[in-house]
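Novice: Single-letter residue listing:
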Amino acid sequence: MDITTRPLTRPAAPVGWRTNRRLHYALKMTVVYLCLASGGFLVSVPFAWMLSTSLKTLGQTFVFPPIWVPVPLQWANYVKVFEVLPFMRYFINTVYVSGLSVAGTLFASSLAGFSFARLRWRGSTVLFVVVLSTMMLPPQVTMIPKFILFRILEWIDTYNPLIVPSLFGTGFQIFLFRQFFSTIPQEIDEAARMDGCSFVGTYARIILPLSGPAIITGFLFAFRYNWNEFLEPLIYLNTHSKFTLALGLRLFQGEFTTNWPLLMAASTIAMLPVLLTFYFGQRYFIQGVVISGVKG
Amino acid sequence: MFKLRYAQLEELYGWLFVTPWLFGFLAFIVGPMLVSVYLAFTNWDILTPAQMVGFDNFVKLTTGDPLVGQALKVTTIYAGVSIPLQVVLGLILALLLNEKIKAMSFVRTVFYLPSVVAGVAVALLWRWIFSPDFGLLNAGLDLVGIDGPAWLADSRTALSALILMSLWGVGGGMLIVLAGLQGVPTTLYEAAEVDGANSWVRFWNVTLPMISPVILFQTVMGIIGALQVFTEAYVMTEGGPKYATLFYMLYLYQNAFEFLKMGYASALAWVLFAYILLLTLLVLRFSAAWVYYEGVSSKTGR
Amino acid sequence: MNSRVTRRSFLQVAGGGLALSVLSACAVAPTAAPGEDGQMAEPVTIQLMFWPVGGERGIESMEKALEPFEAANPDIVVERLATPWGDLHDKFLTTSAGGVPPDVSAVDNYYLTQFASRGILLALDERVDADPNVNDEDYFEAAWNEGVWEGERWSMPYIGSTRVMYFNVDLFEAAGVPRPDEQWEAGEWTWDAFLESAAALTDTSGDVMDTVYGTMADTSMWGGLQPWIWGAGGDELNDDRTQSLLNTPEAVAGYEFCQNLIHDHGVAPTRETTQDVNLVGTGRIGIWASWRGLVMAYRSYDYNWEVVPFPMGAEGKLTLYKGNSMVVAKAGENLDQAWQLCKYMSSQEADAIWITNGGATPRRDNTDVLLNSRPPENNAYFYQPLAEGWAKTIPFTPLWVEWTRSLNPFLDRIFLDNEDVQTVMDEAVVTIDGILQGES
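The listed protein sequences correspond, in order, to chains A, B and C. So for the first sequence, the working numbering puts the first residue at 1; every next one is plus one. So for the second sequence, the working numbering puts the first residue at 1; every next one is plus one. So for the third sequence, the working numbering puts the first residue at 1; every next one is plus one.
Hints were generated in silico from the structure; no laboratory data involved. Be careful, since some hints might not be right.
What the hints assert, rightly or not - Straight-line distance between alpha carbons at most 16 Å, and here's what the computed EDC-like set of lysine to aspartate or glutamate pairs gives: (1) A:Lys28 / B:Glu238; (2) B:Lys242 / C:Glu419; (3) C:Lys343 / C:Asp125.
Given only the sequences and the hints, what does the whole structure look like? Please build it.
Specialist: Below is the structure:
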């Protein structure tokens, strides 16, 4: 078996077409840029507002006419966030919880996803529907039974309820991996089988290496989910120094008033890691580095 | 002989690979689910012992509670409109962002950004954007000469406003399709191009079939997610005005934690479960017609 | 023996440590209560759940409040459960259902009767009577009685505020309208005077961005419609709380007054506007009703503001007092220590800290602290209604949350669509009565 990769090259077009094709391409790219620019503007506005609010005094928030660029800019809000609450502590806690959860989730989910996508076994269809169905029952009605379960395990006020269940994979991730693994040509498995590759080998040495974008996608979703997860930390964590970011952020909202500038500054800082992982993760989405042929 | 042994091995490994999940499922998920089945047949108020009431909760929610119908209606409309929009917009966006453009990483990040800033703070931010007289949205509409509606304050537009808001988070869908697009072998494009297929034909005959499993994923997750939408209504509208945004989950939550009718809420939850499961199975069944699988999933048949 | 004890013991031994090894800690012996013979027993851990009062700064002030308590009670270790304001209720319910409610918890009085009626709270009458340091004369009557449900005391008063009116002094001066506090002192501060002042301040003639509204209408049962209903002579429920009286002519008059502020007189913005934009912060509102908790925000605004009592309606001087509670969970293992902490949270010493964070006070003996927590200068108006006995409290019942929620769509029809109040309320009462009489 031989899997080669090569970058995308546009096939040479007949000479006479060239100007026509260039014009066509230029036109197309203009449309692309126009769409992206206007769309980008629209999606950025609320975020710009968030940033702007994070640099205001409390008195400048939600006034009209709206203030977009407060004078002076209250950069101190970003310092204050770390002073009024143990924000750094939240940060470390969240990294710890998310890191373990994500790693475990990805591993267990990709295993199950592989099984559902590429192996034939009785009951797989039914079990797959069971996997999906775990996402269909509103968490509000299982929250209390789950709490009692973790209380019996003596896991209250530890990170275990946040980490351990996700180590066995989640419905979302299993489904995601199943779908992505399904797009890989079937001949590859057969070729691997002919070469005497075991199932574990096919998973680890054939499918996974071919699934870079899928793994990154799974990672980005799992990371974002765990990073922002609020309900479980609320229920299971008691000690303030164990709080995660999403839970800590809620403390900015008082019973009567919310310190909007601080909340927005804190939210901005809190989302940076998720954005950074996306920024760097998506760089591996480069079309053209794909299997161009399988010989076996 | 080899074939049979291979099939047995495959069967064994099939189970082996799902064992971790199966263990987690049995340890942490099945128990609480079964408890909530039991609770659906009680009138549990959370704080005192539950009492069995048979099918009373189910009788009440089907015949004696008009708000259940309203909640189902609101939620179904929301899902019915927002899921197709999410899928199509996510697809378009991913196709645009898959072009070779300048500062690609940055542009992609801009579109992904809204799906990162989640939670209550953002929901409140949006309420301000939708404010009829002083909000950002109507100020923008005013610039192009449109007299904007009252959005969340009008029972005729409140749901539309929430649907509009849901599109802001389309970056998640974009990410999935974008990843899916990377898996389309370039040889297929090259072959199509050599055959003289224009870009539309290439999209229709190559791209779409190749990423159809990913579109299916988005559709199913869309159904599961949209029918359980909660935070927006909880924070922004409290179900109003006049129950126009009474999402099913909001009503369920109110029953469970505000009115202390956890038994009734559990019954509501299992009805929602059945509804989502039904829609999901329908989508999965009809997906055979439009989803193209390379793996065995297509061959096992469903 | 339930697992609560072993968990606590472990936390003491390990100093709040975590990890899976918690299971092995089951061997640790349960904590003994402090000995009667005066010997210093092993310290007892008491969980205290609270929402940080006034947002993020509330954590620090709770520390400040607990410092003297812990110094005076070396046998009690307080485990702090800081819980975000909006989520405390859910967590309280979940931990209660799980058999491990916090020993002591702050509870919003909107929900107090739900818990009291389910028997999960410790009845406090005996302890209050036996405790020489707790004296009901130290509290204002209305605040003190809010902790009573069906003849028994379930909570100690904790923070709270009368409903007063705030006004923008600069706007009143610029318009040449007599200050409301002067009108009050002259005995002329009536609903009519309020409406007149609001009308004189309102300027909606120019561009929407320059608009000034005389007032903001109250439009929610959770946010202060009660004083208007009561002030007009109406009431929410009948005496045994089984029937709604919201369609009586008096109650309807109260609703209509608020409705007319928006739709007839045009002196108040529509409800949607008030919810989403900080009109108060930019000085666009002349006079509006609110709680004392807002002073912390108002102090950051760049105009002068003051407070005045609620205007006098048909019933004369009248306003609303709404407090919160400190409760002790009946399921706790160390009820004596929990009571010590609960009592302390309501004490003069602790209450002084809540006042500086924006609370008014339920205590007679803390009015000096309240007076000195300026601005506003007119802090006296926060306790005078309590001291003089014209502050009423909401007739909470375990069904209060449900029936007020069911009223919302009807209030939408009144305040958004300007429908006839009598017609709407006649319909609303049917729905509410259905809930009160247990049909739903």
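Novice: The structure should be examined with respect to each hint, and the outcome stated for every one.
Specialist: Now the hints, each set against the structure:
A distance of roughly 45 Å separates the Cα atoms of A:Lys28 and B:Glu238; the hinted pair therefore is violated under the 16 Å criterion. The suggested pairing of B:Lys242 with C:Glu419 holds, with an alpha-carbon distance near 13 Å, which does not exceed 16 Å. For a cut-off of 16 Å, the pair hint linking C:Lys343 to C:Asp125 stands: about 12 Å separates their Cα positions.
Going down the numbered hints, you'll see the structure goes against just number 1.
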